[in-house]
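Using the sequences and the accompanying hints, generate a full structural model.
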Amino acid sequence: MSRPYIRPVSRTGWWLAQPRYVRYMLREISSLFIGGYMLIMITGLYRLSQGPQEYAAFLTALLGPAGVAYALVTLVFAAYHTYTWFIVTPKAMPLVIAGKRVPGPLIVAAHWLGFAVVSVALWLLMTAGGA
Amino acid sequence: MGRSHKPIVWGLFAAGGTVAAFVLPMLILITGTGVGLGLVPESTLQYDNLRALLTHSLTRLVVFGVLFLMLWHAAHRLRITAHDLGVRADTLVATVVYAAAGLGSLLLALALIAI
Amino acid sequence: MSERVVELEILRYDPDQGEAPHFQTYSVPCREDWVVLDAINYIKDELDRTLSYRWSCHMAVCGSCGMVINGEPALACHAFVRDYPDKIRVEPLHNFPVERDLVVNMDDFIGKLTSVKPWLIAKDPKTIDEGAYRQSKAELSVFKQYTACINCLLCYSACPQYALNDAFVGPAALALAHRYNQDSRDVGRSARQDVVASNPGIWECSFVGACSEVCPKSVDPAAAIQQSKIASTGDYFLDFLMPWRNKSAQSGNDE
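Residue numbers (the working numbering), protein chains in the order written: chain A, 39 to 169; chain B, 37 to 151; chain C, 47 to 301.
Keep in mind that the hints were calculated from the coordinates and are not lab data. For clarity, every value in this text was computed on a predicted model and none was experimentally measured. From the three backbone atoms N, C-alpha and C, an ideal C-beta is built for every residue, glycine too.
Under the rule of at most 30 Å between Cα atoms (straight-line distance), these lysine-lysine pairs were calculated in the DSS-like manner: (1) C:Lys183 with A:Lys129; (2) C:Lys263 with C:Lys133; (3) C:Lys263 with C:Lys183; (4) C:Lys190 with A:Lys129; (5) C:Lys190 with A:Lys138; (6) C:Lys169 with A:Lys138; (7) C:Lys163 with A:Lys129.
Pulled from the structure, derived: some chain B residues nowhere near chain C, Cβ distances all over 10 Å: (8) Val55; (9) Gly74; (10) Leu75; (11) Val76; (12) Glu78; (13) Tyr83; (14) Leu90; (15) Val98; (16) Val99; (17) Phe100; (18) Gly101; (19) Ala125; (20) Ser141; (21) Leu146.
Here's what the structure looks like:
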């Protein structure tokens, strides 16, 4: 007769057991800040559609200390998201060219190159009007 | 076992995650922290500049697509995170996060149409 | 050869005592080239014959001696004592019922493994006399890494989603399903999808990636599951756009 012992698992605190779980949780928590930032951006566009005065009030709040602090935290999480997303891309989408597996680090490097191109383009596009 | 319908939300999650990985850090730098830290010209976020940027309907379509996908990416990942933190009312959590993303998407579409 | 005395703290559980498990410490004089399994064998031979654990090949092939060593799932035959401090804590694999000491019950895994049909489902099955199913090197390279799985269950021990949800099919079984799905000689994918693409299948995975980090054979189950998610998402939308697609695939498989 088997009387096995079932070890309890903490539903809320399991991720504190190992550093890799903590790193995973940080990656996942990025969604809270990114989601919030999206709502801020949508609000901004909505105010923009209402008129200059409504938008000016939104901009004041956005560029206030609380707004900048929130954006800074979100920036750190967004950068971590980018890092973690690119690093797993070769796993999720392995690339075979001419019967040979493209090395993972090469795929990751190509993504960072794309990131640089997109970032520069976005910068030029958005800041050009003010220059 | 029946096949899952999760591909709908997972597809949006994956697409939005890819968009966010490429676009979001610079987007936040420009719209959120750059002006305050003096890295970005102050005129960038001014009313006239943004309205001028968004005059073309193709630009507005791209802005919609990018923000829509990142919003759904965050919503789906937040659902998983709630589960990971011990919130087991998955149906309720899913309803709340997807409803918020749906409302956000609607508001975003209305705003971009009105601009 | 130099010796070092190492304290092994081993989790003991005796189902007949009706008590919770406790750690028992043994002092073991370990040789330089010993692995943790050698130290445990020393305990069994010289110090305490009541200790229960599984092992067989002593060369990372059979997959029997999976344990949690200093908090990390590992094969005891693959973990050199010299890489550890003077105290080594050995526990049975996490996320499985403990039968006795370091022995866990793996029935749940065996059931899940069987449910994904991890064998070749050929379009035209051949008899042995008719010879082998042929395959090119390039076709083999697509899935070769997934054939290395030895069912040691380290990935299940490391997986928090399996810990949180008993129903999750889990890393090794899903990686083996992917291995056969990727095999050019196999046509069983649609039959496997009923389990693989269900909610407790690939969709319970949140890509923690711990399974791949602890895998002693570099199988990378996390990669297999992500690839299955992408393929299944493609299926889902194609089936939605072309409802006849899925039906023909399934009837073709029933024959």
